[in-house]
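Colleague: The chain contents come next:
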Amino acid sequence: MPYKEEVVIMQHILSAEQFSPDQLAGLFAQADGFRETDQAIASRRDVLQTHTGRIMLSMFYEPSTRTRFSFEIAATKLGIGVVGTENAAEFSSAAKGETIEDTVKVFNEYGVDALSMRTKEEGHADRAAAVSKIAVINGGDGKGEHPTQAVLDLYTIKEQLGRLDGLNVVMGGDLAHGRTVRSLAKMLAKYPGNKISFVSTPELQISEDIKLHLAEHDTDFAETTDMYEALRGADVVYWTRLQLERHRTDKDISVGQEHFVIDATALEVLPSTAIILHPLPRNKEISASTDSDPRAKYFRQAGNGLYVRMALLDQVMKNRT
Amino acid sequence: MPYKEEVVIMQHILSAEQFSPDQLAGLFAQADGFRETDQAIASRRDVLQTHTGRIMLSMFYEPSTRTRFSFEIAATKLGIGVVGTENAAEFSSAAKGETIEDTVKVFNEYGVDALSMRTKEEGHADRAAAVSKIAVINGGDGKGEHPTQAVLDLYTIKEQLGRLDGLNVVMGGDLAHGRTVRSLAKMLAKYPGNKISFVSTPELQISEDIKLHLAEHDTDFAETTDMYEALRGADVVYWTRLQLERHRTDKDISVGQEHFVIDATALEVLPSTAIILHPLPRNKEISASTDSDPRAKYFRQAGNGLYVRMALLDQVMKNRT
Amino acid sequence: MPYKEEVVIMQHILSAEQFSPDQLAGLFAQADGFRETDQAIASRRDVLQTHTGRIMLSMFYEPSTRTRFSFEIAATKLGIGVVGTENAAEFSSAAKGETIEDTVKVFNEYGVDALSMRTKEEGHADRAAAVSKIAVINGGDGKGEHPTQAVLDLYTIKEQLGRLDGLNVVMGGDLAHGRTVRSLAKMLAKYPGNKISFVSTPELQISEDIKLHLAEHDTDFAETTDMYEALRGADVVYWTRLQLERHRTDKDISVGQEHFVIDATALEVLPSTAIILHPLPRNKEISASTDSDPRAKYFRQAGNGLYVRMALLDQVMKNRT
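Residue numbers (our numbering), protein chains in the order written: chain A, 1 to 321; chain B, 1 to 321; chain C, 1 to 321.
Just chain A, with the same shape it has in the complex (with noise of 0.2 Å):
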């Protein structure tokens, strides 16, 4: 197990990058293993017995299927007692006025093991760790980090494609606002020989702060409207959708994006060996015939989240006394 050394790192799980290439390729291994024990009920009884006696509140401050789903499976499959809100920022002592950090405070006294939260606000997964005692599990802090879907993003790749280095890595969509592109952008700058092109209009492009990050770490990317031009070469596609809830203007950001949709004509002009990933929820930006093609393995990505938070919460778990 090559990243046990720096298993005290995952006391919390807040931001991407606190995971090294090490610990990203022990991580990976326990996930195909969580992965090929559910195909069988036997040994998802035997996993079952793994965390047996443990707790895990989740505490969603703003809406998800995808990722509280996922987090309460993974802890419900491991033996892990799951209690939670789905609508903590109606329901929970926030609306009297709490702050997070006393909310926190009050979970270290109740017997449980793990805190999964999304939270409306960048820095609350920060605060609540500071605090806590019990693992915290930033599961998407506003515009801040949503670590466990760049470690799922990363894993799909690898399981995909083999390796994680040396790849023409092709973002698209809204990357100015997107937290997923944002995050990947800087895990793939930790391995060696990788290229990205950014391929969105010029009002949603990747930030300068991503820009200085990559060229800090000398890896190669690129910005273009030209969608056909950056498949051609591509081993992997990350679309990503408008996302219009965080938006708050009244200038329609979504001109020009109708351009940059993975359709029939797209897909022909991307190699065979590529893959398309997407975080998910989409919009129109991949049609839906793109969904029978051998390439699309989006689905497959959401379902690796499964396995990825198992290993995850696994982790986190073993670090308990």
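Please keep in mind that the hints were generated in silico from the structure rather than gathered at the bench.
For clarity, every value in this text was computed on a predicted model and none was experimentally measured.
Certain hints may be false.
Claimed, not checked - Using C-beta positions, here's what the derived DEER-type ranges look like: (1) S292(B) to E122(A): 55 to 65 Å; (2) R320(C) to E122(A): 42 to 52 Å; (3) S292(B) to R320(C): 20 to 30 Å; (4) E90(B) to S254(A): 20 to 30 Å; (5) K284(C) to R320(B): 47 to 57 Å; (6) E90(A) to R320(B): 30 to 40 Å; (7) S292(A) to H213(B): 29 to 39 Å.
Yeah, the Cβ is synthetic: ideal placement off N, Cα and C, and Gly gets one too.
Here the structure of chain A is known, so what remains is to put chains B and C in place on it, guided by the hints.
Modeller: Chains B and C only, in chain A's frame:
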């Protein structure tokens, strides 16, 4: 097990009419068994082993106490883990514009075994099933089907009266909009010798398609506004509430319905061997004083929903590899 | 087990006053035991066997983190399955006009063992219990009772100071509306030699019925606006927040309350052996800097809620056949 040969139909539970009388007889025997084992804590613990390691997702896009609770209790009693949302309309990817198909495709990747769902729109359960390998269980799709309610209604009649044929069934209330009366009427047409009396105001009488269906299946029926006359020969009284939340009209549809109340006067003309059912919740169409009458079986009927759903869940789980 | 003889009272948990000092002593011993066994995963797994096969329904018609979470965690730790809603007002049959009695009668048919509930209206828990064979546990009924909070408050005093008699207890904040201070005052009157100082503005002082109750039970009390004088001789400081969400007035009831803050100055006059309690959540009436003072026990107190609720749940479950 006479229903074994048709078990493939049980991959999904979408419509009451998918069940043949033989399949229903098998399910009813199972429900009897689950009610029996539920009486002692020792046998409850045995039942808990039945489907340990399985997981059911519970997705409710519309309010529900009875259906959601009884499904989740049924799953819990069978050892099935439950993860879900009671407010899918707001707290799922639906709010981000995801189609029901995409949502269900993702759940198919999460290592779960069944999806019980209530949706706002008719046909959503069918659309879900069309893309799903995991069992889809329709817990009500708008004005469409509510198959588990129909099965538990039939089960209660069989349990209380010993047969499902040759019955005089009186149905009253909002017949035009009631999903349960429509479904029960069609199911009763599968058994010989039943006669149905529909009691309501002309505006809220049973619709033409049901009458046509009954005629095609040689099932006698009559429409009347004379409740007392109908009650006089009844074996089964199936009473329903005005579903005001499903109406978008300024017209007061309750006019005339105040005459159709099962109270002390109604009980006087009702045969002593008859039973009174209601899908609940009730408003004023059954007086509270009726509850203590031995013919009032609507709370028992609600409880039967638990055991019928245990049987149905057991069947779809057995169908899993 | 000195409380055994009175165990029949434990069919429901409706009011703090239903518990005699002997019963409380028994519950406290159990809570101690549950806290102890919660320290190691091996003994946690043993406790999980205690009530396997039992099910608790959790019906919350009003927001709650602490009470709902601690009840659901308590149940989970005892092996009791949990099914529930955090938003019963909107997502239950209440929205369709069902009475609390009908709702509870249906739950009594569902093969469950307890119903923990928080309601908006005073008296709803009593109405539920009146028609229920399964245990009804009042998790707060509007302005009425919140018995498990009162029991955990007493438990914390006993745990920290070793006794429940001969105490100088200072209660401050919104005494007129605080459910917890009213309840704790009445409970302290069951033990000899206690003296209570009520610190508040005249508008928010403790109500006449409580003063009458204390007088009838020979319990000394005083009302004052001089917080420092009261703190000087305190064994227990019980501080509370302005429950602004329960007020429907244009008058600013917070006027004057800014003088009643437990901060560094207040800590200076407080005896070194005193303890500071608060039902939480807090706003500004206890400064954050107080948290690090060894006399601050309010987070411990919250955690005690878990173990007290485990003891209470264990009792009502033992009472089941």
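Colleague: Next step is simple, just say for each hint if it's right about the structure.
Modeller: To see whether the hints hold, each was checked on the structure:
The beta-carbon spacing between S292(B) and E122(A), approximately 59 Å, falls within the hinted interval of 55 to 65 Å. For R320(C) and E122(A), the Cβ-Cβ distance of about 48 Å falls inside the hinted range of 42 to 52 Å, so the restraint holds. Taking 20 to 30 Å as the suggested C-beta distance range, the pair S292(B) and R320(C) conforms, at roughly 25 Å. Separation of E90(B) from S254(A) is about 23 Å and conforms to the stated range, judged on CB atoms against 20 to 30 Å.
In this structure the supplied range 47 to 57 Å holds for K284(C) paired with R320(B), their Cβ-Cβ distance being about 55 Å. Distance hint check: the CB atoms of E90(A) and R320(B) are about 37 Å apart, consistent with the given range 30 to 40 Å. The given range of 29 to 39 Å is respected by S292(A) and H213(B), whose C-beta atoms sit roughly 38 Å from each other.
Violated hints: none; the structure is consistent with every hint.
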